[in-house]
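Those protein sequence lines, which keep their order, are chains H and L. Each residue of the first sequence is one higher than the last, beginning at -5 in the numbering used here. Each residue of the second sequence is one higher than the last, beginning at -5 in the numbering used here.
By construction, these hints were calculated from the structure, which means they are not laboratory data. Any given hint could be a false lead.
Claimed, not checked - In silico DSBU-like pairs for lysine-lysine, Cα to Cα no more than 35 Å straight-line:
{"no.": "1", "chain 1": "L", "residue 1": "94", "chain 2": "L", "residue 2": "151"}
{"no.": "2", "chain 1": "H", "residue 1": "323", "chain 2": "L", "residue 2": "181"}
{"no.": "3", "chain 1": "H", "residue 1": "67", "chain 2": "L", "residue 2": "151"}
{"no.": "4", "chain 1": "L", "residue 1": "304", "chain 2": "L", "residue 2": "323"}
2 protein chains.
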Amino acid sequence: MGKSEGEPLVVIVGGGFGGLSAAHALRRAKVRVHLIDRTNHHVFQPLLYQVATGQLSPADIAKPIRSVLRDQKNVTVSMSLVREIDKDKREVVTTSRRIKYDYLIVAGGARHSYFGKDEWEPFAPGLKSLDDALEIRRRVLTAFEQAEKYDDEPRRKSAMTFVIVGAGPTGVETAGAIAELAHNTLKSEFRRIDADHTRVLLVEAGPRVLPSYTEGLSESAKKQLEELGVEVRLRTRVTGVGDRFVELDGERLDAHTVIWAAGNVASPLAKELGETDRSGRLLVEPDLTVPGHREIQAIGDMVAIDDTHKNPVPGVAPAAMQMGRHAAKNIRRQLEGKAPEPFRYLDKGNLATIGRNAGIADIKGLRFGGYFAWLAWALIHLFFLVGFRYRAIVFLEWAWAYMFYTRAVRLISDIPPRASDIVAEQRDPARVELHAPEREAH
Amino acid sequence: MGKSEGEPLVVIVGGGFGGLSAAHALRRAKVRVHLIDRTNHHVFQPLLYQVATGQLSPADIAKPIRSVLRDQKNVTVSMSLVREIDKDKREVVTTSRRIKYDYLIVAGGARHSYFGKDEWEPFAPGLKSLDDALEIRRRVLTAFEQAEKYDDEPRRKSAMTFVIVGAGPTGVETAGAIAELAHNTLKSEFRRIDADHTRVLLVEAGPRVLPSYTEGLSESAKKQLEELGVEVRLRTRVTGVGDRFVELDGERLDAHTVIWAAGNVASPLAKELGETDRSGRLLVEPDLTVPGHREIQAIGDMVAIDDTHKNPVPGVAPAAMQMGRHAAKNIRRQLEGKAPEPFRYLDKGNLATIGRNAGIADIKGLRFGGYFAWLAWALIHLFFLVGFRYRAIVFLEWAWAYMFYTRAVRLISDIPPRASDIVAEQRDPARVELHAPEREAH
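Please work from the sequences and hints to get the whole structure.
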């Protein structure tokens, strides 16, 4: 590492929007940076649902962290799992070694939360990582393949029923994308089932969809979802999830595919660092430092912090990026002997997409829905994709899908199914019993 | 299925080049077609090695079979595993049902063969399916990530040693691609290891690489491989493969990554149908029918058949496609009361690529190596990719990679590792022991 050997070491845990922004913002600082992530790639999370529904390839929205930071010579990247943070010794403990830091930025993100019902997870996967997206894609596509093979109507119906739990942005986007997949793309590809009979249910415990928007926009989003063929069930609680069924307010509904988009819980690293809130998010100081430890900052979805209006800063990519840059700035200040500054969140507006030509927007009080919201969403997401190559290809994929209603990335991978699936398959008599010979031929 | 209910049913097993060509060629025949494949996609196999080495995404070279055949209304597609063929009852038995056929085309393809040493497979995966390619990609990329973390030189060396067994086209292409990945793409992305120190060994039991070409072209290919930094070991036998090592003529070589490209064995369906050769390939009549069963034809890599010069027809995509079209023609003839005709293989030439600007070509006696062979290879492969969308995107990826030496699709997925890997990880002390604190910081 040559001449910079003596410079202070900043360890960054997590290569998401927050961690990567922090690393970038330290490019001219007189520090060495060591970024640790459990995967080798940065994911553009807002488009994960498009991978889960076969519109984009994983590589369209993910890039090796090493490659993103290749020209920033003061950064070392490793792919490791952080097991522990030793605040007293100032060491990060990974599965393979201990790394001593001078400054630490923890950007561990969040996972989906089952509100204490973790036994639901195998039956209702969430959507946070590329692997989650590939698993959901496998389930969604396999359900249609199974429906085409079934002979009895109830089972076919169950295979063609998709339940999405939670009507935040991920839930809304996923529900809209599955409805479009069924009603447009798959329509003419099956011979025995009519993909138009697909049921997509979006279930929400609260009184409206996209609750972080105004009531008017929520209403607009609900209408647009219904136009795409999504059944929106508000004020409905999920009381059980199991092998190919879900219980809504105690009533059982058969559905091969259940997707969980109902809640988040912060990375377990939050608890290592200090006091947390109900969602496991770390309570940090207004300057993002961990109480009692000025050398440690935590950023992104894993922290609970208020904006200047005393509203909680939302768990979105722009907030994480702003925090990442702020944490870097605080370190530069400390190197100059100055105190860290409080973080201020700048809300640039919110956009959600629902489907083709459908979305809602709230940009500094300017609120609109429908085609222009969708267009704004598409342009802004294209613009923010890391690196040009992806932008060009994603643009091609989108343009193509827009014109021809195609979904190009509909590959079912033979990834070994989770243990629970194997059990589920065995319980499903269609998979193991041989039916009486069908007279397909004569 | 409407008005065509009474038409004879042709069942096609396998959606590779052979099966798909047969289905296409039956588009105007008065038959119903039922194509069965264990996956939902057709793969452009000649480019699999580019997925395995991170240059292309799975969706660039694979397409849902349903989508390829969507407009051919006489075809039904199902994703099922064929367990048995009952020749007497004329039924194909899948895991979920029995399907009665009037005509049957079996295009089951081939898998890699370990020549009776199946216990080597977990340590030396082969490259036949998309899943194989993703598994090899995971291993290759993970090896570099591990090398960057190791502190002791022998282990680092082992992680940076890649052994490819077998110098047919797949072995040569894979070896060239890994050498390029290491020496060009990864070069400036690591801080602790020098990717230039990567060793890529191509091991071949026979006396030359690409033995299906002339001696002059084999010699040219070997030189081009060596220019890319591949060590070519001819007349060398693999005598053992195990957890992170390979034995070459009895001598142990530590290598995290071993890739098997040494031999093929036909689909087990061949044995269901009749007599087979040493490689498990079905011995069919000259007209592709199964002895004693004119209603059954077998095509592609799973059959052994000679061309008009008494040379065996090679296991390549053009041969499989020609057989698929021929089988369809034979069925049309039988429907008209005519006898099936013998199959004649038309050899249009052979091309192999080795790396950037490197390849060899043998087109009807015109033999050349180097840049123009590579260019011919690239143009022909682009042209034959199924469907324009892929062609456009693959062209973009290739152009980009050519100009900037990038490999865009370098994603390590968290696919649960095979059992053998878990064992290997546990045996690897670097993964479980904590080292003494490294003084990275001060």
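Status of each hint after checking the structure:
1. L:94 - L:151: Outside the cut-off at roughly 57 Å; violated.
2. H:323 - L:181: Holds. Residue 323 of chain H to residue 181 of chain L sits at ~31 Å (cutoff 35 Å).
3. H:67 - L:151: Satisfied, since the Cα-Cα distance of roughly 24 Å is no more than 35 Å.
4. L:304 - L:323: Satisfied, since the Cα-Cα distance of roughly 23 Å is no more than 35 Å.
Hint 1 alone, counting from the list given before, is not met by this structure.
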